[in-house]
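Please build the complete structure, drawing on both the sequences and the hints.
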Amino acid sequence: MSQERSQLNRLDGGLINRDEPLNFSFNGQMYQGYTGDTLASALLANGQRFIGRSFKYHRPRGIFSAGSEEPNALVELGKGAHQEPNTRATVTELFDGLTATSQNHRGPLKFDVMAANDFLSPFLSAGFYYKTFMWPKAFWEKLYEPIIRKSAGLGSLSGQDDPDLYDKGFLHCDLLVIGAGPAGLWSALKAGRSGARVVIADEDFLPGGRLNAESHTINDTRGAEWAVQIAAELRSLPNVRLMTRATVYGAYDHGVYGALERKTDHLPSADGKPRQVLWRIYTKRALLTAGSTERSIAFGNNDRPGVMLAGAVRTYVNRYAVAPGKSVAVFTNNHDGWRTAHDLSAQGVNVSAVIDTRSIAAPMNLPGAAIVMGGEVSNTSGRSGLTGITLSSGQTIKADCLAVSGGWNPNVHLTCHQRGRPTWNNEISAFVPGENLPKGMSVAGAANGALSLSEVFASADTTVNQLLNELQLSADSAPTPTTSDDLVNIQPFWHVKNTKDRCWVDLQNDVTTKDIDQSRREGFHAVEHLKRYTTMGMATDQGKTSNVLGLAIMAEFAEQSIPQTGTTIFRPPFTPVAISAMAGRSRGKDFRPTRHTPSHQWAEEQGAVFVEVGAWLRAQWFPQPGETHWRESVDREVTATRESVGVCDVTTLGKIDIQGADAGEFLDRVYANTFGTLAVGKVRYGLMLREDGIVMDDGTTARMGEHHYVMTTTTANAVGVFRHLEFCRQCLWPDLDVHLISATEQWAQYAVAGPNSRKLLENIVDPEFDISNDAFPFMACANITVCGGIAARLFRISFSGEMAYEIAVPTRYGDSMIRALMQAGEPYNVVPYGTEALGVMRVEKGHAAGNELVGTTTALNLGLGRMVSKKKDCIGNVLSEREGLNTDDAIRLVGFKPVNTADSLVAGSHFVSGGRDATTENDEGWMSSVVYSPSMGHSIGIGFLTKGHERLGETLSAVNPLRNERIEVEVVSAHFVDPDGERLRG
Amino acid sequence: MGNISLKARSALNGASFDYEGFSIRERADIKLLSIAAASDQQTVASGELKAHCGLSWPAITQSTSSSDTHCLGLQSEQVFLLSLHNDKDHATLAKKLAEKTVVTDQSDSWVTLEISGLRTLDVLERICPIDLNEGTFSVGSVARTTMEHLNVIIFRQKQSYILLSARSSATSFLHSLTQSAEFVI
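Chains as they are written, first to last, in the working numbering: chain A, 1 to 986; chain B, 1001 to 1185.
Please keep in mind that the hints were generated in silico from the structure rather than gathered at the bench.
From the three backbone atoms N, C-alpha and C, an ideal C-beta is built for every residue, glycine too.
Please note that the accuracy of each hint is not assured.
To be verified - Once the Cα atoms are required to be at most 27 Å apart in a straight line, the calculated DSSO-like pairs of lysine-lysine come out as: (1) B/K1100 - B/K1007; (2) B/K1050 - B/K1088; (3) B/K1088 - B/K1007; (4) A/K682 - B/K1158; (5) A/K398 - A/K500; (6) A/K273 - A/K263; (7) A/K759 - B/K1007; (8) A/K131 - A/K110; (9) A/K79 - A/K150; (10) A/K500 - A/K110; (11) A/K682 - B/K1095; (12) A/K682 - B/K1050.
Stated by the list, open to error - Among the chain A residues that face chain B by a calculated CB cut under 7 Å, a handful are: (13) F170; (14) H172; (15) P274; (16) R592; (17) R595; (18) H596; (19) N783; (20) C787; (21) I790; (22) Y813; (23) D815; (24) R985.
Here it is as structure tokens:
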């Protein structure tokens, strides 16, 4: 890096701290600025006007504004993974070590090879890409699109994960004040003094808004100083939260606002804190005091570095003590330009000329300046920076900065976020908020069209008093501040006509007055079409300085009024919000919570491999030393369980306690089969239908007492079923005495399966409880105690097809229980088994699970049609009888085995018979679940086949079009293991 | 095998964290009962609560308290009873209340955290969407809400807040709090 440059353009005064110099770099060149500077002000102080290249024509561009409306001065900040493109230099707070580079050029900034586009501009006018790349057709994908993609876009991404931290938060207030300019500060103060809970947010790091940029006085105090005093009082009030560096970017339903607070962007190091926080602000009332944004005038080559908005020039002079040029000319259609000339002169900056489009008497004397009333600037000179201007009269004037004022547009954006439309105000030649404001929102100050400071305070005072009245609070009686005043006195003037040079309207998207005219001539009359056709108002600035100018010019070309032309709709966000900020901390493992089973730590100790099941982490299998493939582990777990005993954590299944005098009746209504008659101490498999007759979920429900049932659901549907039951209870049958509560988390539950499962449990269950086959047969349940008096629940149910139990203890004993079960099972070589072995055994047994309950299958399809009791009504009963669901050729759940047992079946394969082609017309069903069965010694599957139950023994093809495979399979019973159920009853 | 015993373990092994102005403590000593009134039996249920716990049935979002028990009004005709009872007294109380109300032991369903300190609200505003200002959520207030995608019951005491969230995701819930604390403090 080369040595620092001195701050040649620095003036006296300003709101910077000269005791705190800051070093920064731009394109590798070291510079110095001060605390209180923005990157833009510091660059201008160092004489750096040429900041970047334009989007389309790669024309040199400089700093145009002093705020978030900036269309030109976009830079890339940071290095490596921290690099962020499209950062506006005008709102980037300077800090020590800041690194910025210009963007949108190939090669050095001054010698951009893409600048050749500028010479091709006659061929690249609005909509050129809609017309140009039509032929030859084959060129599009291989030539045109790659080139366009490479050329398009602003800035570049690092391509790496964003390493910064982000967070979200929630705020609540009586009154949200959006903008801390004079109207916002005064309103917040009055509301704060009244006792209202106030949040006041401003995108700037310094409260005060335009007061910091102007030379106004308030109560005989300089405006900026007044802002400091008010901000200090606001900070002292416990009921007021003054947020700087916080942009309220969106107005949403029900008085909710989005705000982005930049927490550490202005610091050399974030020190482990979030860079930005995205706030959701809940409000009773909101007051928009977002001020206004100056607009330009379109004239020939009005885009050169050095052409700036007049108000921005004042900001740099008054707030940052920077002269944007050595010799400044002013081009205006209102009094505001004259204020710029006045403030420049007051700071000793040479004003070479004031060109006013109005044919009135000059509002002030400016010794040494050429005054041209009724004049127009028609052209400028200077390729990489302004050197002079040419008037329509042919007069040329030397200037290295041209301050342009075309009037001020109230910042109505947030008033339109819920489809509100602004209305045209002839007096200020600008749009002001319309009548359809977001509910609870009011507007005051310049945002409401009050463009003089006295009007601003009057507007704020009236509005906040009304709001406090609505909030039933007494407004503070402090008198409205007295101010020095300023008149706008605008005479609309949008663009200079009769010039051959390009007159730029949208600087960010390189849209000219000719583009607008072409759009109109080609039939794109509507302003929304104009935007899409020309790209005016798109990209990072969303046309803050160009929209009104553009549509006014459109209106002129179309010979219609501006209100007739209308505006495009404003949508959130007001200024760009990083996607990372919207994600907040929800990234990586923090994307969602993780649920751990009670045996998780123990399983980790065993080296289990885990699988995500919803939010749960479940042990998938437990590798043993020497096992090199998951199949080895799973086959071993299945075989050991079927031969002796295995244990699996099944806590994740939903458990719902259902109590009340009408619990049985309730279950009869939600289940297809009957539960009211189930004996106490018994369990029954239950099938639940949706209203449309399709199967919703299945599981077992145990009757633990006369009025107490415990329902189990599938893991995936635990929440959905509970929600469904609550809906039924509260909305469908509020007359029933039924109480529901989730007990999923309350009980740690383990399946103990295999021929030695009872022997194992006899070492756990307290001896007073007889769990012999006679006393505790298949489908029994009981409240028992284990391990010397610990309350437990025992169920004799089986998913594996083996003699099996599920035992539940309060979750605090869950970790201890898995260790106890393994200890008790040592004599029987007990194994833990994971979800893979669980799945293998259920397929071997022919049990339906999630792959079969896919939201399109009926009880009939699952072979459970007779479970839908016709002796009672239940949800889904009537619609399960629909003709289309009960055809003779309905699909049925059956088993499949490969004819060649060496073949591996593939889940998802579709069945076709008779060697027919694999087409939709020939499709006869699909394989829903496939496993390798260690019990059978080959691959097996279950699935749905047309008339499947009538086709046992038939051979057909299982087709996998993705791999172009056909495997011959035999249709068999879905019950591969123990089809008669002898084992589970043993 | 008669010597196999079970040892209770809390969701977070008694986790405890201290920051400048903010503390987190797991409260494994707190027992929970859900008590619901049978249909049209609200008066009976209120009487039972008064008789066995000395507490009035609280309105929804409010609570009633004694020295060792808090009753949280969570929804229509249902309350949560938080107590410092030992296992035996807890079981005895549950049995008594179950005679005329619908009782479910929820002690193992939730992880219970107590948070306190001057920076508590600063930490919570990053994860808790509800308004915890003293004027709207005074001492004794209770609410169901969400924090970082998790269901949470929040109960304001004089010097602290009690937070209940699902036990299986206790680690994630604790992480949401510690991360907030690290981001804010």
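For each hint, the structure was consulted:
Between B/K1100 and B/K1007 the alpha-carbon distance is near 32 Å, which puts this suggested pair outside the 27 Å criterion. Between B/K1050 and B/K1088 the alpha-carbon distance is near 20 Å, which keeps this suggested pair within the 27 Å criterion. Taking the CA atoms of B/K1088 and B/K1007, the gap is near 16 Å; set against the 27 Å cutoff, the hint holds. Restraint check: the Cα-Cα separation between A/K682 and B/K1158 comes to about 48 Å, which exceeds 27 Å; the hinted pair is violated.
Simply put, A/K398 and A/K500 have alpha-carbon atoms about 21 Å apart, close enough for the 27 Å limit, and the pair holds. The straight-line distance between the Cα atoms of A/K273 and A/K263 is roughly 8 Å, inside the 27 Å bound, and the hint therefore holds. The hinted pair formed by A/K759 and B/K1007 meets the criterion: a straight-line CA distance of about 22 Å does not exceed 27 Å. For a cut-off of 27 Å, the pair hint linking A/K131 to A/K110 is broken: about 31 Å separates their Cα positions.
A hinted pair counts as satisfied when its Cα atoms are at most 27 Å apart, and A/K79 with A/K150 qualifies at roughly 22 Å. With a C-alpha separation of about 26 Å, the suggested pairing of A/K500 with A/K110 holds against the 27 Å cut-off. Restraint check for A/K682 and B/K1095: the C-alpha separation of about 23 Å stays at or below 27 Å, so the hint holds. Annotation: proposed proximity of A/K682 to B/K1050 is violated, straight-line Cα distance about 36 Å (limit 27 Å).
Against a cut-off of 7 Å between C-beta atoms, the interface hint on A/F170 holds, since the closest Cβ of chain B lies about 5 Å away. Hint status for A/H172 relative to chain B: holds, with the closest Cβ pair at about 4 Å, below 7 Å. Hint on A/P274 holds. Least Cβ distance to chain B is approximately 5 Å, under the 7 Å limit. The closest approach between the C-beta of A/R592 and any C-beta of chain B is roughly 6 Å, which is under the 7 Å cut-off, so the hint is satisfied.
At a threshold of 7 Å, the smallest CB-CB gap from A/R595 to chain B is about 4 Å, leaving the interface hint in force. Annotation: A/H596 was flagged as interfacial toward chain B, and the flag holds, the nearest CB pair being 6 Å apart, inside 7 Å. The beta carbon of A/N783 is not positioned within 7 Å of any beta carbon in chain B (closest approach about 12 Å), and the interface hint is therefore violated. Here the hint on A/C787 is kept, as its CB sits about 5 Å from the closest CB of chain B, short of 7 Å.
Proximity of A/I790 to chain B holds as hinted, the smallest CB-CB distance being about 5 Å (cut-off 7 Å). Interface restraint check for A/Y813: the shortest CB-CB distance to chain B comes to about 4 Å, inside 7 Å, so the restraint holds. Below 7 Å, beta-carbon pairs count as interface contacts, and A/D815 has one with chain B at about 5 Å; its hint therefore holds. The beta carbon of A/R985 comes no nearer than 26 Å to any beta carbon in chain B, farther than 7 Å, and the hint placing it at the interface is violated.
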